[in-house]
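Novice: In case you want the letters, here they are:
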Amino acid sequence: MEKIKELLKKEFTLELRRKSVFSGLALYLFSTVFIYYLTFNLRQNLISPLVWSALFWVTILFSSINTIAKSFIGEKRGQELYFYSLVSPESIVLSKLIYNFLLCLVLAMTGLGLFVLFLFNPVEILWTFILTIVLTSWGFAASLTLLSGIASKANNSHIVMTVLSFPIVISILLLSIKITKNCIDGLEASTNYDELLTLLAINCLVTAASYLLFPYIWRT
Amino acid sequence: MKKQWWKISAALLLIYSVMGGLLLDVPRLNIVNETIRALYFHVPMWFGMVAMFLVSTYHAIQYLRTSQPIHDTHSISFATVGLILGLLGIVTGMIWANYTWGSPWHGDPKQNGAAIALLVYFAYFILRGSVANQEQRARLSAVYNVFAFAAMIPLIFIIPRMTSSMHPGSGGNPGFNMYDLDSKMRMVFYPAVIGWIAMGTWIASLLVRTHLLTEKLEDLEDEQNS
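Note that the protein sequences, when read in sequence, are chains D and E.
In terms of this note's numbering, the first sequence has 210 at position 210, counting the first letter as 1, and numbering is strictly consecutive.
Converting from the second sequence to this note's numbering requires adding 1000 to each position, the first position being numbered 1.
Treat each hint with caution, since some may be false.
The calculated lysine-lysine pairs, modelled on DSSO-like cross-linking and capped at a C-alpha distance of 27 Å, are [to be verified]:
#1 D/Lys178 with E/Lys1110
#2 E/Lys1184 with E/Lys1007
#3 D/Lys76 with D/Lys181
#4 D/Lys181 with E/Lys1110
To be clear, the hints were calculated from the coordinates, so they are not data collected in a lab.
Using the sequences plus the hints, can you model the full thing?
Specialist: As structure tokens, this is what we get:
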């Protein structure tokens, strides 16, 4: 537990020190939403609520892949060996997972804010939607962290990362799009319990798989 | 010769299921009509694919536990055969859908799920292609194999059951169990499933053997050269 705390602290200090990375991501998100605004809003009412949810989730998906890809791909070889001698792989994967989860959550919430600001807000039941965002960020973080570890060992890692992650996260994405549609239509929260529970179950499955499998890729 | 009985019976079962599937009596239903015979060829492909991927994942786990290259060879061979069976399953399904739904690709949840499941294994082969070191390739692809299988379970077993689908057997469409003559259809269907799984295992074992022989040949050439 102590080690995880230390590693988390290290991730945050590194992140704050390299301000350009984080502001780069923020700008990436902003530019994307602004392009949507410019291309769609010139023609009125082109964005229906369903198009809104599709755009939202695609944006979140790609910015999450870009964000998490750097969690292992950017690391230097010597650094890895140094960590290997200090801490167990389990605490590394857990700390990366928590950190990536928080990062994804911040990204998704910022994205939501930008979408509401520049486009409009079709979501009627906001709390369920925010709960979905939290669960989806967790799912993205859990699956993408391990894949980033795999991709960092391969040649042309960035392409491999996208190719590997797309089919894996799609089941999470499909569920969250479905819940989003219900939230947009203003259906009661109770209609979503099944989907939310399934999402939670998938998250637990993926987290457990990442936790168990990570030591094997770390050892190489 | 003793070990060959299952290969012979696989061939016999498949011959029986092809002939029986095309010739035996089938129940008559609106729209579906004679295309119901696709069941004998389309559905066993999916059973075969899931079985092959299961074995592939089992060997991936074994590889991670023991680090023996033979498990990696098994894993890749079974994944290859599973992928081929999956492609055949999609193609046979598309031929059927063209006549009953009116178009080969209908955006059915099960169709999409199957397509994504195949994408997972295409990604698996791309991953293998982009790692140079042999041991590292085996380890990384084993990890991805297990992970992908875990992520695929909700995709093909849970989500399609939660959404309405035009597939027979879900969303109020007549399925296998509702037919009057279902026991007659089972007489052909189950042999076909067993036959295809056995045939897949056979092909995979041949792939393993050719792989091992190529490795041996390469070793011999290296020795001659040095």
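Novice: Against this structure, judge whether each hint is valid.
Specialist: Right, here's what the structure says about each hint:
1. D/Lys178 with E/Lys1110: holds (16 Å)
2. E/Lys1184 with E/Lys1007: This hinted pair holds, its Cα atoms lying about 25 Å apart.
3. D/Lys76 with D/Lys181: Distance ~42 Å between D/Lys76 and D/Lys181 Cα, so the pair is violated.
4. D/Lys181 with E/Lys1110: This hinted pair holds, its Cα atoms lying about 20 Å apart.
The structure is inconsistent with hint 3 alone, although it conforms to all the rest.
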